[in-house]
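**Student:** Protein chains in written order, with our numbering: chain A, 1 to 351; chain B, 1 to 260; chain C, 1 to 290; chain D, 1 to 236; chain E, 1 to 331.
Think of the hints as simulated: they come from the structure by calculation, not from any bench.
Among these hints, one or two may not hold up.
In silico DSSO-like links for lysine-lysine, alpha-carbon gap of 30 Å or less [stated by the list, open to error]:
(1) C:Lys57 - A:Lys270
(2) D:Lys53 - D:Lys156
(3) E:Lys175 - B:Lys132
(4) E:Lys5 - B:Lys144
(5) C:Lys160 - D:Lys156
(6) A:Lys110 - A:Lys141
(7) C:Lys57 - A:Lys216
(8) C:Lys160 - D:Lys131
(9) A:Lys347 - A:Lys320
(10) D:Lys27 - D:Lys53
(11) D:Lys18 - B:Lys144
(12) A:Lys347 - A:Lys141
(13) C:Lys162 - D:Lys75
(14) A:Lys135 - A:Lys270
(15) D:Lys127 - C:Lys160
(16) C:Lys162 - D:Lys127
(17) E:Lys175 - B:Lys144
(18) D:Lys53 - B:Lys144
(19) A:Lys312 - A:Lys302
(20) D:Lys75 - C:Lys160
(21) D:Lys181 - B:Lys213
(22) A:Lys110 - A:Lys332
Listing some non-contacts, in silico: residues in chain E with all C-beta distances to chain A over 10 Å [to be verified]:
(23) Leu208
(24) Tyr209
(25) Arg281
Simulated coverage check for chain A against chain E, where a stretch passes if three residues somewhere in it have a Cβ under 8 Å from a Cβ of chain E [claimed, not checked]:
(26) 11–19
(27) 121–129
Quick reminder that beta carbons are idealized off the backbone N, C-alpha and C, glycines included.
Residues per chain are reported as follows:
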Amino acid sequence: AGTVKIGLSAPITGNLAEYGENFKYSVLMAADKINANGGIRGRKLVVDIQDSKGDPKEAALIAQKFVQDQEILATIGEFSSTSSLAAAPIYERYGLVQLSPTASHPDFAKAGQYMFGIIGTQDAEGPFNAKYIAKKYLKLKSVAAIYVNNDWGLVTKDRFIEAARGEGIKVTSQQPFFETEKDFNAVLTKIRATNPEGIFIAAMYNEAALICRQIKKLGWNVKLMAPSSVFSEKLLEIGGEAVEGLATNTFFALTDPDPKVQVYINEFRKRAGRNPNLHAASAYDSALLLAEAIRKAGFNRKAIRDQLAQTKNFPGITGKITFTPVGDVVRKYKILVVENGQWVVKKDYTQ
Amino acid sequence: MTAILQTANLSKSFGGLHAVEAVNLEVERGHIHGIIGPNGAGKTTLFNLLTGTYTPSRGEIYFNGLSITRLSPERIARLGIARTFQNIKLFKYMSVLDNVKIGFHTQTETSFWDAFFHTSRFHRDERIAAQKGFEILTRVGLAKHADDLASNLPYGTQRKLEIARALATQPQLLLLDEPAAGMNPAETAELIDFIRKLNQEGLTIIIIEHDMKLIMNLCHRITVIHHGEKIFEGTPVEVQNHPGVIEAYLGKGRLNPSAV
Amino acid sequence: MFWLQQIFNGITQGSIYALMAIGYSIILGIIGLVTFVHGEVIMIGAFAGFFMVTFLKANFFLAVLAGFAASWLLGIIIERVCYRPFRSGPREIALIATIGLSILLRSLSQVTFGTEQKLMPDLLNSHFIPLGQIRITNIQLLIIFTVFILALLLHQFFYKTKTGIALRAVSMNKQAAALLGVHVNRTILLGNALGCALGGVSGVLLGIYYNSVHPVMGASVAMKAFTATVFGGIGSIPGAALGGILLGIFENLGVAIFSSGYRDIISFSILILILLIRPQGILGRKELER
Amino acid sequence: MLFVDNLHVHYGLQHALKGISFTVQPKEIVTLIGANGAGKTSIVMAISNLIRKSAGSIKFLGQDITQSEPSDIVKQGICHIPEGRLIFPYLTVEENLILGDFGNTSANPNRLNENLDQVYQLFPRLKERRKQNGGTLSGGEQQMLAIGRGLMLDPKLIMLDEPSLGLAPIIVEQIFELILKIRDWGKTILLIEQNAKMALEIADRGLVIENGIVSLSGNAATLANDPGVIAAYLGI
Amino acid sequence: MASFKQKLVYFLSAIALLMFPWFIQNDYWLRVAIMIGLYIILASSLNLINGYTGQFNIGHAGFYCIGAYTAAILATRYHFSFWLLLPLSGIVAALFSILIGLATLRLKGIYFSMTTLGFSEIIRLTVLNWASLTRGPMGIPGIPLPELFGFHLASNRHFYYIVLALTGIMLFLSKRVISSRIGRAWIAIREDEDAARAMGVETFRYKLYNLIFGTFWAGVAGCFYAFFTSFISADSFTLDEGFSILAMVLVGGQGNLIGPVIGAASLTILPEIFRNMAQLRLVIFGAAILIMIYLRPQGLAGSSILSQKYHYPKIQRHSPPKHQGQQEVSP
Ligand SMILES: Nc1ncnc2c1ncn2[C@@H]1O[C@H](COP(=O)(O)OP(=O)(O)OP(=O)(O)O)[C@@H](O)[C@H]1O
Ligand SMILES: Nc1ncnc2c1ncn2[C@@H]1O[C@H](COP(=O)(O)OP(=O)(O)OP(=O)(O)O)[C@@H](O)[C@H]1O
Ligand SMILES: [Mg+2]
Ligand SMILES: [Mg+2]
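Whole structure, please, built from the sequences with the hints as guidance.
**Tutor:** Following this line, the structure appears as structure tokens:
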């Protein structure tokens, strides 16, 4: 009884391959699960995976390929906001859903009716980080920010800084760095000279771990906080002792007692040989969401989009998902802290 | 007769080495002027100074009475001094004809605009370059090689091509740096005739050469350079009988029958 | 104080650049062209050190040795694949071969080593050595020391030993060297392997200093190696070392004065300025005009 | 001691050597003369295995060296002083000379210094310029350096490709004297010269190369009196 | 003058190229074709510089970037039209090249390459840092569609014809320049700069002209790219982008006009063909580059002249010492 095809556009090779891989495992897992339960309306779900190398130009080309292929009913991707945005005009023009598990750029979902993002935008995360983590949990009076100089890092930092100022926290310094950098000594020495109580690290887990290590090596005792992107086993592994006490937020936790979350975590570990992180979980939910929308709307691109836009309280492993009119999700965050080398959810501070 | 080229106190040093030291040279229009001297005497350096490849440490150079002392090589070439190089410097991967066509660079003026739209100026320039280029090749006997790659020519022929290319710039003064090097006596004899013919057509020539037969046969006057300094100047006969020159340069002639 | 600390950070970072640049400079000299595969050489060296440490529980010196050996071998492969077949042709061909091999090696190691960043254990139990008011770790000192010794040894090698002179001769004129009895193929192989091996060592040091190795770590650092080499002057080992250290210092001062965003802008601008004043790099030889 | 048999060389489509055969006996001076582009340089290059041979074989002292590495050929005792000298421009004069020792297989531990002294004696000019970069020497000085460098090897056979090219008459004279002196030391010499007259004067035998074949060969004195040779190569 | 047979070939390929969008009813392949066109312009313009004057520019992406940002900024903020911006972006890129050229054209070999590389990075990083002008890392979205007589050019077909026309014009003009006095001067500079000067060629001026002409087209390509994708960010103008343009030139064969065309086409299509190889895609792509140069070292379309250069035997005859010393170290 035929197949249902969705596209996945992600950096499978190139510098961002590490992130694309998470997408791939999760989406394929979701497809297997759906197919094990009889597929969608009796049809088997297949995923067409295309590698963008993390290059916006290729993301656009893949978009063209997907929209061209009439069998593809909806797509998941891209990893970075830049690539997602570069592909957006094509998806919009041809009317095909692009659901990004990770693009948190506030402009992304606004780029068109067919653009959806489920990671939650920095418009919501920034204030949470400022109010609950910086002010209430860490009780910071002053904070500095170090951020990766890409669209995501910039927005994340900006939203946080705005909100922190609103909370009456003094911002002592804001310093960018580039994705390929490994040596943060100079920046950190500079930030340190401004003497903040805490530092907000807007970076992916790899770089965040290195930054924490170098902070530690400087012999600097500063309170560490970061956006949800750092939530990963890798951070603990690479950061070691240096990330102890680092506070962040999440809406997905490995310790979540929900059985479907645990099933997912176990299955992911079996396939990938490591624990899933937020990106992976988010990609899994994206696939389930699309499957659900297709099940309800039938095999029509436009209908799928309309159905997706009406999603309300979809029970994902990352929490309940409801799209705003623009196509974003407002997330419910919990505070997450590294304690004794483990990620620990701080119940007391849950919003 | 007037001097076409004059130098006053021309000097060039490299670090501590005085390669050319206070040379006063005067070359008459219409002459073939020889420059000889032991290896490392500074002859090539002198040429490099005259053509602007090196800037002098001291001294002045006048061409047709005008100072050209600090001009760039291309300006000097435009004023009418052409040269060949001791180490052949052809445009290796261009055809023989194209090598000569470059020589017409100064006489043509095709701009981007002309090239884009193939204006009449473009056609005129191309015609000049092709026709005259071919004429020159015919004159030096290279016409049959016109489409060959310059680097595929035998050594001696490459030297001829260098001269042809220099002639294409329509110079008043031609500087030849060891044109006969690597040629056998028969070929050298041919070269002598050719140079003489050029001179008879009105071209002034300065020539550096170690082949005494060529020098003595051709030159009106000869300047002898040693350790960067001019040690003697005179007619071929005077030079051959000057004891200092014999000692520093010509040798006893025992094993050297090619010296006349 | 703040400045001193920044300068010192710069020197440490610069020493690693210096080591990479020395290797790069040897290759540039002997092969006579820019190589694009050096980043992968550095990366493979780093991974060799990493595997040595994680699987065989080796110590620092064994890790460095492993990096040296692995990249040495890779150097031999590179020479066979990218340089030897094209030696008689225009050099751009070899250059494109290095681009191809670089893409191949980088993605192949992503496939085999995994795409994620790996933790390089803290081998040396890093700790501070107080030095007046600035903070220096033992690793920083060790790196500076290693690089210094290597630079010295290499200088001796190139100017005082026959093999060293032969390497320089081959880099100038392969035919003439062959006519004198120098085994050109072997010498080129040796030079390339040596340059690569130094790259491998710097890879291990990078890994230890930053505690991480990654299949895509090479590209950006290789650019630094290239920059430092040109900066210091092609064909000069002390130049490459100096170029690397100055580059490190400029970068750190650039961050200190402006911001991290301007780090490379500052260092590239200084590089271009210096080339305008000294077109042959700081210690580079002036081209003969003959 | 050297046997060249039926040597063929192609440059692309051009058939530059078309079956060259000759021998060189110990301690003789053999000269190759011929017009520009006749193929003289190609012959010695082929012997040194610096260019690919399409056919033919080369034996030296009974050993087949047709396919040996250039560096091994040198170690057998063949020294090739190339046309155009090929000095290492950025090595000092002395370093250039030291490199000449590379192919020297003698076991004498002092040979390097001894040979250096010998070369400096022969060319005091080089001693003066020991520390100067080879590339900054004048043409004549470079030729001296190239010959000196070759002698460092203490070779059995020396192949000189146009050693007088671009040299002052007095130096040419010296170089020819030198060639005789080198022969007197017991070396064998294969000499390529444009200056056929002088070459035939000092040589024992001569070969005339024309368009890639040996058109004439024989006793040097006989060749020097051959009317064809006189007309073509000796000038008027 | 082209022979009749050549003319026929030109004519037929022109027809084929014009009809292409009708044969291929697939917008994806049409987009690939557009990307090929874009890269042909980029690779050919780089080839003008590297292949014809022998300067080794490895930072071409910088000029491409300038063109794209000029177009994007002027179109989104000041509503300049596409047709005006095409030449304007080229001119701005060329102005920058004058700046670079005046400063660095006297540098030789690798040193020149290094400054182009540095320049390319300086441009990209400036774009990232100068947020008030370029929106920094956020990129510039919403670049409007080009208009022609009040009609929006939206479809890939329209862009196909635009890029086809641009490529055609570019190659045509290049060919004309190359086969004129100017082109000969360029080649002479590539072959031997000293000799060129001795022939009265103002080498500095002609190298500058060359750089201006080459980078102008990189700017034009940037403008086209900006309008075509309607969103640009600094990510598209990395050093790697510059290297891959370089790879196209070299794989195709430099120093002739058709080489980069073939290089750009094959290096754009190959990764598309390998799409299904998942993680191995780049491994195979790297291997493919190696194989291509093993099979055709002088480039896929290496000209006869360059192939002779390649088959040149081991010794360069009669090359003077200077050259052995100098040329050894060049990129
Ligand atoms: N660029 C340079 N740097 C240093 N020394 C140089 C340079 N050019 C030439 N010299 C030195 O200047 C002296 C004169 O050299 P030049 O080439 O002018 O000699 P020449 O008279 O042409 O000799 P030959 O007849 O052998 O060609 C030589 O000793 C040479 O070493
Ligand atoms: N690298 C090359 N490529 C193509 N043809 C070549 C090459 N080298 C030599 N030839 C050709 O081979 C022929 C023989 O050249 P060769 O150099 O052996 O002559 P030669 O007798 O040494 O001449 P010369 O007196 O000029 O040194 C010539 O016609 C020459 O053009
Ligand atoms: Mg000279
Ligand atoms: Mg010869």
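**Student:** Determine for every hint whether it applies to the structure shown.
**Tutor:** How the hints compare with the structure:
no. : hint                : in the structure
1   : C:Lys57 - A:Lys270  : 27 Å, holds
2   : D:Lys53 - D:Lys156  : 23 Å, holds
3   : E:Lys175 - B:Lys132 : 23 Å, holds
4   : E:Lys5 - B:Lys144   : 27 Å, holds
5   : C:Lys160 - D:Lys156 : 28 Å, holds
6   : A:Lys110 - A:Lys141 : 35 Å, violated
7   : C:Lys57 - A:Lys216  : 24 Å, holds
8   : C:Lys160 - D:Lys131 : 14 Å, holds
9   : A:Lys347 - A:Lys320 : 18 Å, holds
10  : D:Lys27 - D:Lys53   : 27 Å, holds
11  : D:Lys18 - B:Lys144  : 23 Å, holds
12  : A:Lys347 - A:Lys141 : 23 Å, holds
13  : C:Lys162 - D:Lys75  : 16 Å, holds
14  : A:Lys135 - A:Lys270 : 39 Å, violated
15  : D:Lys127 - C:Lys160 : 19 Å, holds
16  : C:Lys162 - D:Lys127 : 20 Å, holds
17  : E:Lys175 - B:Lys144 : 27 Å, holds
18  : D:Lys53 - B:Lys144  : 29 Å, holds
19  : A:Lys312 - A:Lys302 : 18 Å, holds
20  : D:Lys75 - C:Lys160  : 23 Å, holds
21  : D:Lys181 - B:Lys213 : 27 Å, holds
22  : A:Lys110 - A:Lys332 : 21 Å, holds
23  : Leu208              : 31 Å, holds
24  : Tyr209              : 31 Å, holds
25  : Arg281              : 6 Å, violated
26  : 11–19               : holds (count 4)
27  : 121–129             : violated (count 0)
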